[in-house]
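A.B. asks: Residue-level listing of the chains:
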Amino acid sequence: MTPEGSLLAAEGLRKAYGPTPALDGADFSIHPGEVVAVMGPSGSGKSTLLHCLAGIIRPDSGTVRYGTHALTELTDAQRSALRRTDFGFVFQFGQLVPELTCLENVALPLRLNGTKRKDAERQARDWLAQLEVDGVDGQRPGEISGGQGQRVAVARALATRPRVIFADEPTGALDSLNGERVLTLLTNAARDTNAAVVLVTHEARVAAYSDREIVVRDGRVKDMAGRI
Amino acid sequence: MSIGHTLLGLLESGPRHGYDLKRAFDEHFGQDRPLHYGQVYSTMSRLLKNGLVEVDGVEAGAGPERKRYAITDAGITDVAQWLARPEKPEPYLQSTLYTKVVLALMTDRDAAELLDTQRAEHLRLMRGLTERKRTGDLADQLICDHALFHLEADLRWLELTAARLDKLAEAVGG
Amino acid sequence: MTLLRSRPHGERDTTVPAPPPAPPRTGPARWARDLAMGMRFAAGGGREGWIRTALTAAGVALGVAVLLFCASAPTLMNAWHGREKARENLGQAHPPPRSDRTVLYAHTDTVFRGTAIRGRLVRPDGAHPPAPPGMRHLPGPGEMVVSPALKDLLAAPDNALLRARLSSYRIVGVIGDEGLKGPRELTYLAHSDALSELTGYRIDRFGKSWDPRPLTTPGLVLVIMTCVALMTPVMVFIGTSVRFGNERRERRLAALRLVGADVRTTRRIASGEVLFGSLLGLLGGGALFLAGRLLAPSITLWDINVYPSDVTPGPLAALLITVLVPTAAVLVTLVAQRGVTVEPLGIVRNRPPVRRRLWWRVALPVAGTALLVPMAIRPGPIDDPLATGCLAGGSTLLLFGVTALLPWLVDRVVGRLRGGPVTWQLAVRRLQLSSGPATRAVSGITVALAGAVAIHMLMTGSQAGYAAAYAESGRVPQISLWGNGASWQQTERLLSALRATPGVTTARGLLDANAGRMPTPDHDTDRDLPGIIGVGTCAELRKVAHLPSCRDGDAFVTDGHRDSGTERGLTPGATINLNPPDASDEPVPAPRPWTVPPSARAAQLAPLQDGHRLYYDLLLTPSVLDTNRLTRPSVEALVRFDRDTPDAVEHIRNTAARIDPTMMEGSSIDNPHDRQYDGIRTTIFIGAVVTLLLIGAGLIISTVEQLYERRRLLSTLDAYGTRRATLGWSVLWQTALPVALGLALALSCGLALGSLLLTIIGSDVIVDWPVVAGMTAIGGGVILFVTALSLPPLWRMMRPEGLRTE
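So the sequences go chain by chain: A, B and C.
For what it's worth, my numbering labels the leading residue of the first sequence as 2, then goes sequentially.
For what it's worth, my numbering labels the leading residue of the second sequence as 74, then goes sequentially.
For what it's worth, my numbering labels the leading residue of the third sequence as 3, then goes sequentially.
In short, the hints are calculated from the structure, not lab data.
Heads up, some of the hints might be wrong.
[Unchecked claim] These stretches of chain A come out as covered by chain C in the derived footprint (C-beta under 8 Å, 3 or more residues):
(1) 50–57
(2) 74–86
(3) 104–112
[Said to hold, decoys possible] Over the 10 Å line for every Cβ pair with chain B, so calculated as not near, a few chain A residues:
(4) G6
(5) Y18
(6) G19
(7) P42
(8) D138
(9) N179
(10) E204
(11) A205
(12) S211
(13) D212
For each residue, glycine too, the CB sits at the ideal point set by N, CA and C.
Next up, chain A with everything else stripped away, as it sits in the complex:
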């Protein structure tokens, strides 16, 4: 059933927290370079779907395939390694390490991958420039604005040149202007690197940056592209 040429595909995902099912037979697929918005009301299972797709949690049943890997079969360590190298993450807030400078934050995933400090920081500096926040290198996350922080976070997500970027309400804490800028930068960068973006949002204006949207409701996924 995996759509031809898809980069990341999930089938029949089920996941329950206690007696409440968060995912109840969800399917999903995304192609390289594609931006897919995941929409749905709060508590519908959007984030759980994202966590399953990214291999952060293991679904109770169902499969997630990433390229040739069956993500759901990999060990925790293997999935962690995959997340370090192939995936990038942007969350709503609270993701930057407050003690590290912005530059070090961006360099962190590279260093976790074993890149030398100098190299990592040089690349990080480029990413910061690309995200239009090259002035914040030495500052700590507490000393910069929310919009700048989110750009640093995007830079960090892009730093390892991931194949898939998972963004969970990336503009939820930003005003419209900053939100748009961050989205534009994120989707542009993803298109430039042919990365796929899974964009969880409940806002139509944010979803409008996607190529296609899916709706999660009561743990089930409706692919709106397939409808027409």
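Start from chain A and add chains B and C according to the hints.
C.D. replies: Here is chains B and C on its own, set in the frame of chain A:
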């Protein structure tokens, strides 16, 4: 807003007299513009002609107000198609969308389904606007933003309404 | 809702809106109300709130218990000394005349397998003798009363040798508590008809007016240091305990601000919360103390073992502890909040990251050293309040200086650190941003360790002398015995009995007595040092001197005076006094003239052996002189034994006791200081371990709290694929850095303080490296312990649940 589809929808829950139909319509959707009885009559004639309703029975002293209408199978299909068809996204769409949501609920249809369809349609338009914004000049951006915000407002309102009515339906139905 | 001064119901209906309520007056009522509210928060904060309150209470309880024990020390020593004074009588310069109410009294202390046993013999002169505390009347002839502990010891199956030693007496009773220094004291009091005025002395009552000797300088220094080293970490620990859960408390206070509480109110509420914890702690500490003192009978420290009832704090000290500990807890909270403003939307730390100034931090230890160095340069007795104050003050300042220096040191060292692997970077950056909580907890370790190291050095240094002496004289397995010498026959009996004792290789002994010049009108003999006459068979005499030849009836004049440098007038043909005055005798006793045989020949005393010096001036064979003419002759025997014979020493002691129970023993077999030292060393070590564990607990709490606060971030890092090990290592580094710095500081400070103190008491500076290594190892253990216990919560926080928006 399609009065014909609305009246058909109202008939789905059971046969009604013309006068009942007007009362039901006014009650649910006619806060601003109550329906003239003549509109009911003419609409019903058209629906009869199209085979979407049938006369269920006539009481003594027959006049149009004494006719009892019932929906036909063709009528039910027509309502379903209408509900499933997204409206062209445009400002001030609420009344139509609202009518659709209420009718969907009254006829035990899935309001969420309707919403998803509508959202997809809205998003299609919004994507176009976003893309135009990306490439356009400042004036373009401002215009697009205006439209985007309105469209988003529509959707949000729709979502909220659907969520509320879902709860209401649960409460009533449960 | 109670916070928003809810109006009485009646007022709600008034049509005119009430003017805004006047700002609340800060009156006692207001204080009480806010404190009470804080206490209610502490008591009703759900499971988490209870855990926090319990931690504070536990910390305070431990601190209070330690304080109460310290405050009990004076009462304890008074009770202990008091019972000793009430039951003892060392005799008087002028013995009471024999009467119906007098008793002959003698000491028969002995040692059994390294354990000292206090023995007393009595022989009443009449029908109404006094009795010491703990018994209604003295035991009858051949009877004895024993302490419960001795009764048990005597009953133990493998103690037949001890039973044999005391076999002349039948146990007829047990000495009551008021007659014992402590529950584990080994003592007996026996009625012996063999007791004579030669072997004992006459008393007419028990109880002595005798004050214990004031502590020696080393002892005093040790006591002061122990108090300082014990109290400082306790204070630091109480300070740390009341901050447990501070961050979450601040969050709650922010919520209170949001509903209208003002800053002062929040401070009072915070104080109330802490007050509740510390009051619980106070109760807990009291309970811990009461429970702990029940263990007193089973603990022997410095040979002191007491009853639970002796462990009672002085009323003033108890009152101070009760009042000051909660007050201090509230003060610490208020000081901690000084740099913090709780705003409705969160905490504003309006103290910019304080630049830790060095000068006053250095000033503390420098001042402390300045107080101690003069005393080290001119060591002298510490007998006046000024010197005592200097010593205590100096040590305290030096120890507190460590606490003050540590934050600065951590800041400085961490601030300079750059680079390194990611784990290291995470830890270092974390410490750079806020090293406060970790450092605070660690400063407790620092003081405790520095104190422990200093005390240890003091102990080692002052014990080294004893240890060396005992090691030197204990090299040769021998025992010397001395006692009242009735006659040469009795001496011979003793010697042959000793030679027949299992394990004895050789024994020698003489009967000896003093003799001096005859008094003449122009010579005052009072000031003369008496010469010593030794009586024994030729065989015995040959063991102490080189004799040209010897037959019974011979006499020899030795060269003993050459060593002492004084001529004592014991020359052949001279008439000497066999009843020389001794310094205390008044009036001068009647001289008992005796002429040294003119045939006496010269003899050379044998070279000094085994550190035993021979003093005999005149050596006589038994037939030369009737020993009854000698004044208070004594017998001295030197016994060598075979170490491989089990219980050889006990057999020798039994033999001596059989011949004469009042005979005394001198040996280097059991160094009593060793036992004391071991006990104290163990205690210090256990104390250090407990302190470190407590502080480890504090560190764990602050680490876990910090992790909890960052669970969202941790989940994010997990999403990024960060290895658990990476974060685990960073927690380890984060703990290890301050602890390592603290240890280094503690050791250098402890060694410095120890060296100073050793110099003050005039002892060689010796470092007990194994102990230093041990303490360092414990410090390392604490790091691992804290990290290990922080890992499960860390991993729990790394779960994706933390990513879900709240």
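A.B. asks: Taking the numbered hints from earlier one at a time, note which ones the structure violates and give those numbers from smallest to largest.
C.D. replies: Violated hints (numbers, rising): 7, 10, 11, 12, 13; every other hint is consistent with the structure.
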